[in-house]
Amino acid sequence: MTQRRRSADQQTRILNAFEDILLECGPRAATLDAVAKSVSLSRSGLLHHYCSRKALIDGLIERLNDLVDKDIEELHRASTSPLGYYIASSLDLNHPVERTIAAVSKLASGGLDIAKLALREAREKWFEALLSHTNDPTLVRLTMLVGDGLSYNIEMCANKEDDPFVSPHSVEEIIERLSELSERQVKTRA
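Its first residue numbered 1, the sequence shown is counted upward by one per residue in our numbering.
FYI, nobody ran anything at the bench for these hints, they're computed from the structure.
A couple of the hints might just be wrong.
For each label pair, taking beta carbons as the anchor points, the in silico distance ranges come out as [stated by the list, open to error]: (1) 149 / 124: 14 to 20 Å; (2) 164 / 45: 23 to 29 Å; (3) 160 / 44: 41 to 47 Å.
With a straight-line cut-off of 20 Å between C-alpha atoms, the simulated SDA-like cross-links for lysine to any residue are [unchecked claim]: (4) 70 / 89; (5) 125 / 62; (6) 54 / 41; (7) 54 / 111; (8) 54 / 8; (9) 160 / 149; (10) 116 / 23; (11) 125 / 74; (12) 116 / 10; (13) 54 / 139; (14) 54 / 31; (15) 116 / 44; (16) 54 / 102; (17) 54 / 7; (18) 116 / 66; (19) 37 / 11; (20) 37 / 10; (21) 125 / 153; (22) 125 / 151; (23) 125 / 37; (24) 37 / 65; (25) 116 / 55; (26) 37 / 54.
Cβ coordinates follow ideal geometry from the N, Cα and C atoms, glycine included.
Kindly produce the complete structure, drawing on both the sequences and the hints.
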């Protein structure tokens, strides 16, 4: 393995640890020392890869941007409707893009402006991608808010199979209704 590859792997491990600590313990606990300890590095070993907490945050935001771009590529290639894809992909809280969004959201809720900006930019990218398929800004906003709401509701339910808000049947009905609205809008404009 080349030195560059080992360094990239170590940076991935460090970002994963930073993300995990943010999600489990919050921004105050996500210190350089805590991250270094989590990946069995000395503080100076961590600083070799990320020279400051700001650099670590920048790395996490870069990860968010990359994951959002990849998700948008998947959205465009999806065999389902783009609106349905967006809703369905919001349900997997362990998906890398969802985990990174949650971690950056922790930073944003702690008042970090760069995190708030990164989340707004991600939202705008998804908005533009969905808009290119539906050409209805209100329907796109509704879809995105439903996806966010489903993510929020999944976190609070004990068993999503039986929960009336996030059960597979309920989600399927939501996707069908949004698809109907999208198709109706397309027919109206034709």
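Each hint tested on the structure:
For the hinted restraint 14 to 20 Å between residue 149 and residue 124, the CB-CB distance of approximately 19 Å keeps it satisfied. With their beta carbons about 49 Å apart, residue 164 and residue 45 fall outside the hinted range of 23 to 29 Å. The hint said 41 to 47 Å for the Cβ distance between residue 160 and residue 44, and at roughly 44 Å that hint holds. For the hint linking residue 70 to residue 89, the alpha-carbon distance of about 13 Å falls within 20 Å, and the restraint holds.
Among the hinted pairs, residue 125 with residue 62 is consistent with the structure: their alpha-carbon atoms are about 14 Å apart, no more than 20 Å. The hinted pair formed by residue 54 and residue 41 meets the criterion: a straight-line CA distance of about 18 Å does not exceed 20 Å. Of the supplied pair hints, the one linking residue 54 and residue 111 holds, its CA atoms being roughly 14 Å apart against a limit of 20 Å. For the proposed pair residue 54 and residue 8, the alpha carbon gap of about 18 Å is at most 20 Å, so the pair holds.
At roughly 14 Å between alpha-carbon atoms, residue 160 and residue 149 fall within 20 Å of each other, so this suggested pair holds. Note on residue 116 and residue 23: the hinted pairing holds, with a Cα-Cα distance of about 16 Å set against a maximum of 20 Å. Note on residue 125 and residue 74: the hinted pairing holds, with a Cα-Cα distance of about 13 Å set against a maximum of 20 Å. Taking the CA atoms of residue 116 and residue 10, the gap is near 27 Å; set against the 20 Å cutoff, the hint is violated.
Using a Cα cut-off of 20 Å, the hinted pair residue 54 and residue 139 is violated, with the two alpha carbons roughly 37 Å apart. For the suggested pair residue 54 and residue 31, the alpha carbons sit about 11 Å apart, so the restraint of at most 20 Å is met. With a C-alpha separation of about 29 Å, the suggested pairing of residue 116 with residue 44 is violated against the 20 Å cut-off. At roughly 18 Å between alpha-carbon atoms, residue 54 and residue 102 fall within 20 Å of each other, so this suggested pair holds.
At roughly 19 Å between alpha-carbon atoms, residue 54 and residue 7 fall within 20 Å of each other, so this suggested pair holds. The suggested pairing of residue 116 with residue 66 holds, with an alpha-carbon distance near 17 Å, which does not exceed 20 Å. For the hint linking residue 37 to residue 11, the alpha-carbon distance of about 14 Å falls within 20 Å, and the restraint holds. The suggested pairing of residue 37 with residue 10 holds, with an alpha-carbon distance near 13 Å, which does not exceed 20 Å.
With a CA separation close to 24 Å, the supplied pair residue 125 and residue 153 exceeds the 20 Å bound. Only pairs whose Cα atoms come within 20 Å are accepted, and residue 125 paired with residue 151 is accepted, the gap being roughly 19 Å. Between residue 125 and residue 37, the direct Cα distance comes to roughly 35 Å. Violation of the 20 Å bound is thereby established for this hinted pair. With a C-alpha separation of about 27 Å, the suggested pairing of residue 37 with residue 65 is violated against the 20 Å cut-off.
Annotation: proposed proximity of residue 116 to residue 55 holds, straight-line Cα distance about 16 Å (limit 20 Å). Restraint check for residue 37 and residue 54: the C-alpha separation of about 18 Å stays at or below 20 Å, so the hint holds.
Violated hints for the displayed structure, listed by number in ascending order: 2, 12, 13, 15, 21, 23 and 24.
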